[in-house]
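Colleague: What follows is each chain in one-letter form.
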Amino acid sequence: MKRNQKILLSGNEAVAKSAIDAGCRFYAGYPITPQNELIGYMAKNMASSGGIFIQSESELSAISMVFGASASGVRAMTSSSSPGISLMQEEISYIAGAELPAVIVNIMRAGPGLGNIWPAQSDYFQAVKGGGQGDYHCIALAPSSVQEAYDLTLEAFVLADKYRIPAIILGDAMLGQMMEPLVANGKNYKPLAISHKPKEWAATGCFGRKPNVVKSFYLNLGDLEKFNLKLQKKYKNIKQKEQRCEALNINDARIILVAYGTMARLAKEAMLSLREKGIKAGLIRPISLWPFPQKIFQRLAISAKRLVFLVIEMSYGQMLEDVKLAVNGRRRVEFLGRSGGGIPTEEEIIKSSLSLLSS
Amino acid sequence: MKKIFGRTRSLRGVDTHYCQGCGHGVVHRLIAEVIDELNIREITIGVTPVGCAVVAYDYWDFDCVESAHGRGLAVATAIKRLQPDKIVFTYQGDGDLAAIGTAETIHAANRGENLTVVFINNTVYGMTGGQMAPTTLIGQKTATSPLGRNEKTEGYPLRISELLAQLQGVYSVERSSTDSVQGILKTKNAIKAAFKNQMENKGFSLVEVLSACPTYWVLSPVESLDWIKNTMSKVFPPGRIK
Amino acid sequence: MIERIVIAGFGGQGIMFLGKLIAWAAMRENKFVSFLPAYGAEVRGGTSHCAIVISDKEIASPAFDEIDTLIAMNSPSVLKFIPKLKNGSKLFINASMVNNTPKIKGVKVRLLKFTDIASGLGNARTANMVALGAYLASKKLLSLKNILKLLPEAFKNNKKLQVLNEQAIKAGMNLIK
Numbered sequence: 001m002k003r004n005q006k007i008l009l010s011g012n013e014a015v016a017k018s019a020i021d022a023g024c025r026f027y028a029g030y031p032i033t034p035q036n037e038l039i040g041y042m043a044k045n046m047a048s049s050g051g052i053f054i055q056s057e058s059e060l061s062a063i064s065m066v067f068g069a070s071a072s073g074v075r076a077m078t079s080s081s082s083p084g085i086s087l088m089q090e091e092i093s094y095i096a097g098a099e100l101p102a103v104i105v106n107i108m109r110a111g112p113g114l115g116n117i118w119p120a121q122s123d124y125f126q127a128v129k130g131g132g133q134g135d136y137h138c139i140a141l142a143p144s145s146v147q148e149a150y151d152l153t154l155e156a157f158v159l160a161d162k163y164r165i166p167a168i169i170l171g172d173a174m175l176g177q178m179m180e181p182l183v184a185n186g187k188n189y190k191p192l193a194i195s196h197k198p199k200e201w202a203a204t205g206c207f208g209r210k211p212n213v214v215k216s217f218y219l220n221l222g223d224l225e226k227f228n229l230k231l232q233k234k235y236k237n238i239k240q241k242e243q244r245c246e247a248l249n250i251n252d253a254r255i256i257l258v259a260y261g262t263m264a265r266l267a268k269e270a271m272l273s274l275r276e277k278g279i280k281a282g283l284i285r286p287i288s289l290w291p292f293p294q295k296i297f298q299r300l301a302i303s304a305k306r307l308v309f310l311v312i313e314m315s316y317g318q319m320l321e322d323v324k325l326a327v328n329g330r331r332r333v334e335f336l337g338r339s340g341g342g343i344p345t346e347e348e349i350i351k352s353s354l355s356l357l358s359s
Numbered sequence: 001m002k003k004i005f006g007r008t009r010s011l012r013g014v015d016t017h018y019c020q021g022c023g024h025g026v027v028h029r030l031i032a033e034v035i036d037e038l039n040i041r042e043i044t045i046g047v048t049p050v051g052c053a054v055v056a057y058d059y060w061d062f063d064c065v066e067s068a069h070g071r072g073l074a075v076a077t078a079i080k081r082l083q084p085d086k087i088v089f090t091y092q093g094d095g096d097l098a099a100i101g102t103a104e105t106i107h108a109a110n111r112g113e114n115l116t117v118v119f120i121n122n123t124v125y126g127m128t129g130g131q132m133a134p135t136t137l138i139g140q141k142t143a144t145s146p147l148g149r150n151e152k153t154e155g156y157p158l159r160i161s162e163l164l165a166q167l168q169g170v171y172s173v174e175r176s177s178t179d180s181v182q183g184i185l186k187t188k189n190a191i192k193a194a195f196k197n198q199m200e201n202k203g204f205s206l207v208e209v210l211s212a213c214p215t216y217w218v219l220s221p222v223e224s225l226d227w228i229k230n231t232m233s234k235v236f237p238p239g240r241i242k
Numbered sequence: 001m002i003e004r005i006v007i008a009g010f011g012g013q014g015i016m017f018l019g020k021l022i023a024w025a026a027m028r029e030n031k032f033v034s035f036l037p038a039y040g041a042e043v044r045g046g047t048s049h050c051a052i053v054i055s056d057k058e059i060a061s062p063a064f065d066e067i068d069t070l071i072a073m074n075s076p077s078v079l080k081f082i083p084k085l086k087n088g089s090k091l092f093i094n095a096s097m098v099n100n101t102p103k104i105k106g107v108k109v110r111l112l113k114f115t116d117i118a119s120g121l122g123n124a125r126t127a128n129m130v131a132l133g134a135y136l137a138s139k140k141l142l143s144l145k146n147i148l149k150l151l152p153e154a155f156k157n158n159k160k161l162q163v164l165n166e167q168a169i170k171a172g173m174n175l176i177k
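Line by line, the protein sequences are chains A, B and C. Heads up: the first sequence is residues 1 to 359, going by this note's numbering. Heads up: the second sequence is residues 1 to 242, going by this note's numbering. Heads up: the third sequence is residues 1 to 177, going by this note's numbering.
Keep in mind that the hints were calculated from the coordinates and are not lab data. Hints may be right or wrong, so weigh each one.
Derived pair list, reagent style SDA-like, types lysine to any residue, alpha-carbon separation capped at 20 Å [what the hints assert, rightly or not]: (1) A:K215 to B:K242; (2) C:K84 to A:N36; (3) B:K86 to A:K6; (4) A:K210 to B:K242; (5) A:K6 to C:E58; (6) C:K31 to A:L231; (7) C:K20 to A:Q147; (8) A:K6 to C:K84; (9) B:K86 to A:P344; (10) B:K242 to B:V181; (11) C:K20 to A:E269; (12) C:K31 to A:I7; (13) C:K31 to A:N4; (14) B:K86 to A:P198; (15) A:K6 to C:S55.
Sample of chain A residues lacking proximity to chain C, with all beta carbon distances greater than 12 Å (derived) [said to hold, decoys possible]: (16) L9; (17) G23; (18) T33; (19) S49; (20) R164; (21) L229; (22) L231; (23) Q298; (24) L307.
Where is the CB? At the ideal position from N, CA and C, for every residue including glycine.
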């Protein structure tokens with residue numbers, strides 16, 4: 001294939017292709033709508049890429065296989081949608097505790113419970129606040145287009161290896177299902193090769209070295225606390241270095257719309273419409289949800305007077321809390337959200353923005 | 001003077017935390033001896049459980065990967081698929097293998113994964129304080145069956161080895177007992193055969209080991225061995241199942 | 001320019017294939033494009049549909065409530081999507097499978113016998129390509145030349161299928177005068 005040639009893929013397929021291009025050589029998953037194209041792509045293409053594909057008996061098993069694969073020193077991924085990701089939480093905590101790199105893809109559907117298969121963003125808390133037992137974090141990246149689904153999956157593998165941490169791709173049903181043109185240039189992405197070093201901690205048999213143990217258990221009192229402090233130091237470092245977001249028209253803005261993932265596409269459209277009406281609107285689109293791009297909010301909350309933030313989500317106010325923490329009471333933060341399959345429309349965003357500015 | 005007994009290479013020179021008369025230490029040693037006799041220490045990866053044997057990796061001197069409770073055979077599946085030239089085994093208790101991990105156990109077996117499983121059956125949950133296991137005998141008193149296991153409410157002792165033997169993907173299943181020197185030697189042979197099967201790419205091999213838990217059986221170590229022989233073995237008869 | 005298309009019909013009528021081909025052609029013409037298939041329980045019961053957006057600027061949402069062009073290959077599709085047709089929109093109806101002819105204010109309705117024409121060419125399953133031809137000729141958004149360039153890849157170099165589908169597309173174009 002020619003370099004920079006566009007191909008048409010769904011978000012699900014783009015993540016799968018990206019993983020293979022990133023050197024992922026182990027995938028295990030269990031079917032669930034709306035991410036079936038991802039497991040389908042892996043089933044079709046993993047073997048010919050020299051990797052292992054397993055359709056596991058459950059999501060519990062899938063993520064455990066990823067644990068085993070990562071412990072073997074191999075780039076590994078699993079994917080699911082909301083209920084399946086809930087099932088994986090115990091093992092994701094083990095992965096964090098054993099400091100293993102792994103990529104976990106959540107193509108979110110609406111909840112709670114069985115909910116439905118329409119797009120939603122209501123697993124935000126689960127992705128960014130831990131989700132399983134213990135004090136841990138996963139890096140969480142939120143693509144808003146098929147191209148970005150591809151690009152951020154490459155990045156997730158790089159970051160996972162670099163920090164020995166589970167990295168989550170947090171998409172939604174819309175992103176998973178929609179097809180868009182995409183340039184798949186992962187093989188030329190240099191950080192991948194740089195971060196793909198032999199893993200001297202992996203369990204590969206102790207030939208010529210002392211035995212390795214991959215574990216998250218600390219029997220002696222005091223040892224776990226020491227380890228947790230080490231983890232916290234790592235998280236602090238990641239918070240410093242890996243905040244990512246897209247910011248548009250923020251410098252003169254009186255209202256800044258805040259949205260991530262596919263929701264941010266509509267927010268952007270609404271922002272541009274507001275600008276056409278002569279209203280100074282801007283947009284912040286967090287790309288890394290953990291670490292949350294706090295710095296830009298902190299800066300604006302101090303420097304920009306007469307500024308209001310409108311957080312828009314396909315949930316009932318989850319990212320809202322992180323925006324409020326970052327703004328820390330200095331500016332007004334308001335919210336517009338729908339969940340259960342409904343998506344805030346461009347008209348609703350414009351209407352909310354106008355009424356906020358006039359109140 | 002000729003040395004006739006010593007620590008085998010794959011065991012570390014440390015004290016274990018196991019209770020007096022516990023079967024884990026015996027089986028740990030058997031596994032280590034087998035690994036050394038087969039000369040595979042440097043290519044072996046053990047998948048260790050949650051339960052009393054949680055820190056088995058502190059006693060063995062080869063690579064180990066910890067598994068969440070019940071997930072051992074899923075973890076081992078990935079390791080072996082990615083490293084087919086290595087020898088991968090799981091060490092699992094009855095709660096791990098036959099309760100919380102039943103699905104992982106059955107599906108790894110059914111896929112015919114080329115793995116070795118050492119399954120410790122002592123009819124109780126030791127680590128958590130002697131609660132009822134899927135293998136607890138009818139009438140046996142435990143912390144969560146204080147009046148004795150009642151089949152009407154708690155079901156029957158689960159003979160998972162017999163169940164697994166039904167699966168086409170399974171190559172061999174054997175049950176042995178650590179109630180006597182003879183039993184221990186038979187157990188070692190069974191474990192050795194299960195490792196050899198993997199080395200010869202024959203597929204899924206499981207050894208169920210009847211093992212004593214004097215603490216939660218509330219018996220002396222010697223009485224415990226008698227109990228395995230006279231009571232437990234009636235429900236879980238040793239021998240080749242498949 | 002923004003064109004929002006819905007294609008709907010029975011499973012087996014090549015609805016998704018047609019939608020993807022249009023999206024693919026738009027991509028080759030360097031337009032912004034999105035394709036959103038119906039999925040999950042929506043495609044149970046034998047009907048299926050997909051939504052395509054073609055634009056000269058970034059697409060905010062691949063899902064939409066107002067349709068510019070509806071290609072309806074069977075009766076249920078006509079009933080389901082008529083309420084979403086915009087003023088000034090185009091409606092292509094497969095008259096081989098739809099008996100009643102709706103009259104809708106502000107909508108240009110074309111009743112064309114896609115399946116009959118495809119059968120006449122030798123394979124009723126190319127009705128989707130006849131519909132594509134009619135769409136190309138009527139809307140003039142995508143070029144025939146570019147569509148034809150995609151056929152070898154779309155049919156994995158099966159020459160017979162390529163020729164058959166090319167004939168169907170051209171027959172569809174001839175329906176629009």
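Colleague: So, against the hints stated earlier in the document, which numbers end up violated here?
Modeller: Numbers 1, 2, 3, 4, 6, 8, 9, 10, 11, 16, 18, in rising order.
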